[in-house]
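Given the sequences, and given the hints that come with them, work out the whole structure.
This is what each chain is made of:
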Amino acid sequence: MATARVYITLKEGILDPQGKTVLRALNNLGYDEVLDLRVGKYMELELAGDDKEKLESRLGEMSEKLLANPIIENYRMEVDA
Amino acid sequence: MRFGVVVFPGSNCDHDCYYVLDRVLGQQVEYVWHAETDVSKYDCVVLPGGFAYGDYLRTGAVARFSPVMKAVEAFAADGGYVIGICNGFQILLEAGLLPGAMMRNTGLKFICRFVDIRVENTSTPWTAGASKGDVLRIPIAHNEGNYQVDATTLEEMKRVGQVVFRYCSPEGAVLPESNPNGATESIAGVCSREGNVLGMMPHPERASEAALGSEDGLVIWRSLLEHCGASV
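These protein sequence lines are chains A and B, in that order. Under the working numbering, the first sequence has 47 at position 47, and the numbering climbs by one with no breaks. Under the working numbering, the second sequence has 1122 at position 122, and the numbering climbs by one with no breaks.
Hints are computed from structural coordinates only; laboratory data are not their basis. The beta carbon of each residue, even a glycine, is placed where N, CA and C say it ideally should be. Check before you lean on any hint, since a few could be wrong.
Below, simulated DSS-like cross-link-like pairs (lysine-lysine); rule was C-alpha separation at most 27 Å, straight line [said to hold, decoys possible]:
1) B:1109 to A:11
2) A:41 to A:11
3) A:65 to A:41
4) A:11 to A:65
5) A:52 to A:41
6) A:41 to B:1109
7) A:65 to B:1070
8) A:11 to B:1041
9) A:65 to A:54
10) B:1109 to B:1132
11) A:41 to A:54
12) A:52 to A:65
13) B:1109 to A:20
14) A:41 to A:20
15) B:1158 to B:1132
Which stretches of chain A does chain B cover? Using the computed rule of at least three CB atoms under 8 Å from a CB of chain B, they are [stated by the list, open to error]:
16) 8-17
17) 66-72
Taking CB as the label site, the calculated pair distances span [claimed, not checked]:
18) A:36 to B:1158: 51 to 59 Å
19) A:36 to B:1229: 50 to 58 Å
20) A:35 to B:1128: 48 to 56 Å
Rendered as structure tokens:
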């Protein structure tokens, strides 16, 4: 068995209304050092099998197909097999 | 005409669409459960508004893999008429049947109110009965209507007339203050290159009877009926 993590982030240039609001809230709390903030998604997966290369290729497929929307999002993954 | 109104788990405008097509327009309508695998017997498929599959992951992201969507893709490729309203539009975007993607409204609020939209292209089957520049008063009800599309795709869409509706002032001016959700270039509705697939955030089925405050949505249904030679 393997574990994997997928990080989904908004592409550069895509406005992130949620991120902007969290940024403003932090600034309002006095955390002036926060200059920008973008909200993304984090997923943990348990995968059957231990062929890391194959799992990575399958997970890439899953990310492109469902987990991320390639029009607005990028993804990055880590597989521990 | 024969209409099929798709019902996903979480659809909530399916009955409104059915009612308007059946009772207001006198057309044949059936509900189509999301597990169906064939929609070829219909002339037009309606993807109604709602929160299909709870909008989990992204709006439309899970619904887009429903068995019925494979059938809708084949139907659309064959030139069948497909209209996606609100959540239905979001599903069409996720399915790649229309270009672009939806983000959260810039104000982060769910917006439920009447808006004005300007008809930008009258050469589609959905707008042939309107005049260019007509302003339609139709309600929106969404949290993710902030339409995004890359610049190159958008230029091509504008060139071939895929931008069908834009949010505007009551006088028909497209202004930043009349854009409720931050959508790129105030886009409220787009169609496929061939024009047979339409996606729009405003709800024409909620503006199809005077008693509900507006009949401006009727022009969309009637344009299609006329285009297909159906009797109203």
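Against which earlier hints does the structure fall short, listed by number upward?
8, 10, 18
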